[in-house]
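> Chain by chain, the residues:
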Amino acid sequence: MSPVAQVRAAELIATRRAGAYHHVTFVAPGIAESARPGQFVAVAVGGPTSANLLRRAFSIHKVTPSGTYGGTVDLVISAKGAGTQWLTALRAHDTTDIVGPLGRPFPLPAEAAPCVLVGGGYGSAPLFWLAAALKERGCQAHLVLGAATESRLFGVVDARRAGDSVHVTTDDGTAGTKGTVAAVLPAVFRETGAVVAYACGPMGMLRSVTEISAAHGAVAQVAVEEAMACGVGVCMTCVIPVTGNDGLTRMVRSCAEGPVFRGDRIRWDAFDGGRCTVPEDAVGAQAMRSH
Amino acid sequence: MSPVAQVRAAELIATRRAGAYHHVTFVAPGIAESARPGQFVAVAVGGPTSANLLRRAFSIHKVTPSGTYGGTVDLVISAKGAGTQWLTALRAHDTTDIVGPLGRPFPLPAEAAPCVLVGGGYGSAPLFWLAAALKERGCQAHLVLGAATESRLFGVVDARRAGDSVHVTTDDGTAGTKGTVAAVLPAVFRETGAVVAYACGPMGMLRSVTEISAAHGAVAQVAVEEAMACGVGVCMTCVIPVTGNDGLTRMVRSCAEGPVFRGDRIRWDAFDGGRCTVPEDAVGAQAMRSH
Amino acid sequence: MALDLSTSLGPVTLPNPVMTASGCAANGKELARFFDVDRLGAFVTKTVMAQPRSGRGTPRMAETPSGMLNSIGLQGPGIAAFCAGDLPMLKDLGARVLVSIAGGTSTEFADVAAHLRESAAFDCVVGVEVNISCPNVANRGQVFACDPLSSAKVVALVREQLPRDTPVIAKLSPDVTDIVSIAQSCVKAGATGLTMINTLLGVVIDTETLRPALYAVTGGLSGPAIRPVAVRAVWQVAAAMREGRLPTVPIIGVGGVRTGRDALELVAAGAAAVQVGTATFNDPTAPVRVLEELAALVAGKGFTRFTDVVGVAHDRT
Amino acid sequence: MALDLSTSLGPVTLPNPVMTASGCAANGKELARFFDVDRLGAFVTKTVMAQPRSGRGTPRMAETPSGMLNSIGLQGPGIAAFCAGDLPMLKDLGARVLVSIAGGTSTEFADVAAHLRESAAFDCVVGVEVNISCPNVANRGQVFACDPLSSAKVVALVREQLPRDTPVIAKLSPDVTDIVSIAQSCVKAGATGLTMINTLLGVVIDTETLRPALYAVTGGLSGPAIRPVAVRAVWQVAAAMREGRLPTVPIIGVGGVRTGRDALELVAAGAAAVQVGTATFNDPTAPVRVLEELAALVAGKGFTRFTDVVGVAHDRT
Ligand SMILES: Cc1cc2nc3c(=O)[nH]c(=O)nc-3n(C[C@H](O)[C@H](O)[C@H](O)COP(=O)(O)OP(=O)(O)OC[C@H]3O[C@@H](n4cnc5c(N)ncnc54)[C@H](O)[C@@H]3O)c2cc1C
Ligand SMILES: Cc1cc2nc3c(=O)[nH]c(=O)nc-3n(C[C@H](O)[C@H](O)[C@H](O)COP(=O)(O)OP(=O)(O)OC[C@H]3O[C@@H](n4cnc5c(N)ncnc54)[C@H](O)[C@@H]3O)c2cc1C
Ligand SMILES: Cc1cc2nc3c(=O)[nH]c(=O)nc-3n(C[C@H](O)[C@H](O)[C@H](O)COP(=O)(O)O)c2cc1C
Ligand SMILES: Cc1cc2nc3c(=O)[nH]c(=O)nc-3n(C[C@H](O)[C@H](O)[C@H](O)COP(=O)(O)O)c2cc1C
Ligand code: FES
Ligand code: FES
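Residue numbers (this note's numbering), protein chains in the order written: chain E, 100 to 390; chain S, 100 to 390; chain L, 306 to 622; chain R, 306 to 622.
Hints should not be assumed to be uniformly reliable.
As the list claims (entries may be wrong) - Covered stretches of chain S, going by a simulated chain L footprint (3 or more residues, C-beta under 8 Å): (1) 146-155; (2) 315-328; (3) 346-357.
It should be emphasised that the hints constitute simulated quantities derived from the structure, not laboratory data. Positions of the beta carbon are idealized from the N, C-alpha and C atoms, including for glycine.
All chains should be modelled from the sequences, with the hints used to inform the complete structure.
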C-alpha cells in the first residue's frame, strides 16, 4: 500500500470563506509531498475533549510541498454537522491531527488526450490540481462545474485559469446554465472529443457522468463519497459494489480501493435513496442469506 | 431557593497566569449582580462537540457587577483534568455556558468581630472578596494562606491589601512558614482573638481549621469541595454527612445546602482517603442495610 | 399550521411529550428556578421507597465519555415525607406528576403505592412509574427488572393499590438478554405503559489509586453515550407490539436525550413521550429546551400532530 | 527498574498485553503502514467464517456520542482464502496472530477451526478467539453468547479441533442478564480464556429521513462510550473467579480503550490483556500508543511486572 503520514498537530495557517464553503490551509509535511489529485485526508475533529471520535474525509484541494511553513495541504470544507462546523470555526494556529494522503488518485491517461473534469459543489475542489497534472502531460482539461445555486459552486475563477474551457451550471439558474451538469455535458463531449471524464460530487451526478461518458465512448473515473469510519482501510464501513476485471461484483472499500473508481464498474443499480443494497450476485451475498 | 442565572454564551475577556493557576474573567451579567462571597459557578466545558457532559464548579473569586462589558465574574482555575485544561486554554472572545451564583455564601457575623480567613491553594480565591465584605461590617479579617509550594499559593499580594494581617505557609517552606496552616493558626487565634474562622481548601485543612477553631472557642465556616455532577441540587452526588440543629446527621447536598457549612456540624469521622462512608446513625442509613 | 403536541399515557392525556427523568430533577423546586415546571408534559420524581434512605457513601459519581456513572442508592425522604412535603409542593407548582416508586420487596412496592393513593395531593399525580430496576432483597439483590416473574409480581401488586384510571408504568432495565420478554410480562401483569431505559450497569476504576472510582463499586451509566441502547430498546419493544407479540401500550423513551433531535430518535423508534435525565446536569433548562426543539423539528417536517411521528421509522425501513 | 510487560494467555506467553480488536484492524497490511504489527502482544484478525461473505448493505455505520454503531455483517474472504492469503501475510509481518472465528451453527465454528489448524501458517497463531456474539441460525438468530448452552457447545466443538496448547478464547457479549453464567459455561466447556466485551446492540434513527440510520437497522455500539460496561463485565467475571465461582482463566479486556489510562482500568479490573478497537479509527497508531502509555503508567506507579497490576483493584475496594 502507498505511504501515508500522520501529522498529529497540523497547524491551520489560513482559513477563508469561499462562497458557501471554507477554504483552509494546514501545515502537513509528509502529506503534501506524496499526495496526488483525487486522494484525500482524514481529519480528527473536536480536539482533546471531543465526543466525535471519527475522522472526517476531505479531498485534497491542493498541496504546496514546501514553502515558508513546510508542506501545506488545502481543503475546501462545507460546514454541515458537528465535525465540519468545528473545523470551519478553527482559527490560525489551532491544530488538529491529519492522516494522508489516502486512497487512490485519479489515474492519468498514458497519452495526451482531451479530458472533461466534472465537479459538483465542493466536488470541484480536487479538479484544478488534476487539470494542472493533465496539462503537464499534454492533455486538455475541460471543466464543468455544477451546484444547486451560485454560492455552492467552488472555484469558478480558478477554473477559468485552470481549464481549457469552463462550463457552469446551477439548478436554480443563479449562475451559468440552469440545470444539472447533464444539461451541458453531451455538448462538451461533442465539442472537445473527450475520451476520459473525471468526476467528483454527489452519487447521482457521478452516475449521470458515467452514463453520458459511455454514450460518448469515454471512460469515466469518478471519486465517490461514502461514509467512512476510519479512512485507512480497517473498518469495512465504506464499501460499495464494484465489478472487477473478472466480472464478479465485490463490496470493496472506497477508502482503500477508491475513492476513484471507473464509473462503469460501479453497480449503480444497487444505490437507492442514500442506501446501497448488496447485489444478489455479489461475491459472498449468498452466505448472508443463511445468517 | 435563591435566584440563579444561566449565561449561555459567557465571553472570556481576560485570562492570565497566576502562579500555578489561571485567573480568568468572564462576562456574566445576572450572576455578577447577585453573587456573594462563598458562592460558586458551574461552567460547561469542551464546547459543542464535548464528551465532558458535566459542568465544573469554581468558587467566585470576585465580581464586577457592571462596567464596560456588563457584569463580570473572575475565577481562579487549576488546570487538572480535561475540563480545566480546556477552560484554561480558552482565548479572549471564546465563550462557554455559566450558571450561578450557586450555593450558600459565607454567613457574615451579625456584629463586628475579629475573623480569620484560611485558604488552601486556590481555596484563597474567594477570601479577598470575603475580607472586603467583612471589613465593610467593621470586622477584622486576618488572612492565612497555605499551599504545598510557593507557586500553588494564590493572591499573596492581594492578601496584603485585603487583610488586617497575613500569614503564609508552604509545606516545603518555599514561602512563609514551613508547614501547614495548622502551624500558624493557633498563634493567629491567640493574637487576634478571632471568634469566627472562614476556610476554603482541601478537606484535611478544613477539618484541622475546625478543630483549631473549636480549641480557641471560635466557630468555623468551611467551604467544602465535593465532586458535583449538576451543581444545582438535582443529582444527589455531592452529599456529605452533616449534623442538623436537631442533632440528627443527614447526607446533605453540598451544592445546595453548602458549600459552606459550620465545620463542627460536618461528620469528619466519616471521611477517609477520598471517600466518605454514611455514618451508621445517619437518617436513612438503616434502610440501606436491607437493600 | 399549529402542531398538536398532546400525547396519551393511556387513561391520561398530557399536553406535551417531554418529561424529566427520575432522579435527574429532584422534586421540583430546584428546577423551578430555571423554568416553570408546569410547562413539561409531566414531572417525574426521584424514586421514593417506604422508608427514608441515606443513599450510599461518596464518591457517588464518575464522569465517563459522553456520560456518567452514578450510585446514589435511592437517597430519599421515604413515602410519608414525600406525600407530606414534596408532592404538595409539586402540586403548588402546577406540575403533572409521574411518581416513581420502588421497594426492596414486592410488598414494599405495594405499600408505597397504597400510601401514595391516600395522599391529599394525589390529584396532581398523572401516573406511577414503577422502578423495577431496583435490587430484589429476596433474589440475592438481583434487580427485579432482570426477571419476568419478579417484574410481573411487582406490577400486579402496585396495580391493585391504585385507581383504575391511574397509569402504571413499568421502568425497564437494559441489562437483560431479552427486554421484550420483560416488557411482555409487565404489560400482562397490568402495566399500562413502559419506560425504557434505566441506566446500564458500569464500573469505573480510578487510575490514580487503582480503586473503583465509586464508593459502591458499580453504578449506573447514563447520558448521550447510551442513547443508541435506549433507541434500540424502544425499537425492539415497539416492533414486538406492532407484530402483536404484546399489547400496544405507550412507551416512554429515556436515555441520552440532550437535544430535540435526540428526542425525535426515540419518538420515531416508538416512544409516545420522552424523558430528559443526565442532560439536565449539563443544562438545567434541558427538559424545556428539548421540548421546544422537538416541537420545532416535528412542525418543520410538516406534521400537525405529534402522535403521527410516534414509531414512524418502523414504516420506513 | 525495567518493567516486565509479558502476560500469559494460559498455554502461550505474550511479550506484552496490548492487541488489536477483531474487525477494527483488518488483517495487518493496512496498519503496517503506521507501525510494525509485531510490536503488539498479538494481532487479532477480523472474524472469519466458513464462506466468503459480502457483508451488509450500507450505511454500515453511524457516529454516536463518544462511539459509533456498526453493522458490517462479518464481511470476509472465508476461511480458505484467509488461510491462503491473510494468515501467511500476517506471519510475514512477524505478527503473533489471535484468529477470530465464527459460524452460523456450532458445526460451522468447528469446520473453521479445523481448516485453520491445517493452515501452513498455523505456527504464527497464538490462539483462537471464538466470536460467539454471532447470530445462531438454529435459535431464531439470537446470538450464541446469549445462551449458556449454545455458547458451551460452540466452545467445546472448537476446542476439539485445535491442539491442546492453542488457547481457545470465548468472546462474550455484554447484552445478557448474567455475564458470569455465560463465562462459567464457556470455561467449563474448555475455553482457556475470555474476551470481554463485544459491542452492545444499538439503533440510531436518522432524524432527517426518520428512518434507521443503518441499512441493517440494528448495529453494534463501540468506543469510549461503552468503556464502563466493559470494565464492569471484566470486574464481575474476575470477581467471580476470585470467589471460586468459576476457574481462573486469563481475561482479555476490550471496549472503549483509547489511552493507556483506559487500558489500565480494564487491567486493574482483572484483564490480563487489552484490545484496542474503535480508537484505531480515531488514531491508526492507537494500539501501539496505548501500549506505550500503559507501560509508562504502570512503571510510573512502581510496578516491575505488568501481571502484578492485573486485578489489583479487587484488593483495594
Ligand atoms: C473521499 C471523501 C472526500 C470528501 N471530500 C470533501 C470535501 O472536499 N469537502 C467537504 O466539505 N466534504 C467532503 N467530504 C464529505 C465530508 O467527509 C463530510 O461532509 C463530513 O464527514 C461530514 O462531517 P460532519 O461532522 O459535518 O457531519 P456529521 O453528520 O456529524 O458526520 C457524522 C459521521 O458521518 C460521516 N459522514 C457524514 N456525511 C458524510 C459524507 N457526505 N461523506 C462521508 N462521510 C460522511 C462523518 O465522517 C462522520 O463520521 C468527503 C467525503 C469523502 C468520503
Ligand atoms: C464548590 C466548589 C468550588 C471549587 N472551586 C474551585 C476553584 O476556585 N478553582 C479550581 O481550580 N477548582 C475549584 N474546584 C474544583 C474543580 O471543580 C475541579 O478541579 C474540576 O471540576 C476538575 O475538573 P477537570 O475537568 O479538571 O477534572 P476531571 O478529572 O476531568 O473531572 C471529572 C469530573 O469530576 C469532577 N471533579 C473532579 N475533581 C473535582 C474536585 N476537586 N471538586 C469537584 N469536582 C471534581 C468534575 O467536576 C468532573 O465532573 C471547586 C469545586 C467545588 C465543588
Ligand atoms: C444521578 C442519577 C440518578 C438517578 N436516579 C434514578 C431513580 O431514582 N429512579 C429511576 O428510575 N431512575 C434513576 N436514574 C435513571 C434515569 O432516570 C434515566 O433512566 C437514565 O439516567 C437514562 O437517561 P439519561 O441518559 O437521560 O440520564 C438516575 C440517573 C442518574 C444519572
Ligand atoms: C467496525 C467494527 C467491526 C467489528 N467487527 C468485529 C468482528 O468481526 N468480530 C468481533 O469479534 N468483534 C468485532 N467488533 C467488535 C470489537 O472487536 C470490540 O469488541 C468492540 O468494538 C468494543 O471495543 P472498542 O470499543 O475498543 O471498539 C467490531 C467492532 C467494530 C467497531
Ligand atoms: S473507511 Fe474504514 S475501511 Fe474504508
Ligand atoms: S451537585 Fe447535583 S445535587 Fe449537588
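> Work down the list of hints and note, for each, if the structure agrees.
Hint-by-hint comparison with the structure:
Evaluation of the coverage hint for the stretch 146-155 of chain S: fulfilled, as 5 residues show C-beta separations to chain L shorter than 8 Å, against a requirement of three. Coverage of the stretch 315-328 of chain S by chain L holds [criterion: at least 3 residues with CB-CB distance below 8 Å; count 3]. Counting residues of the stretch 346-357 of chain S whose CB lies closer than 8 Å to any CB of chain L gives 3, so the stated coverage by that chain holds, three being the minimum.
The structure fails none of the hints (numbered hints given earlier).
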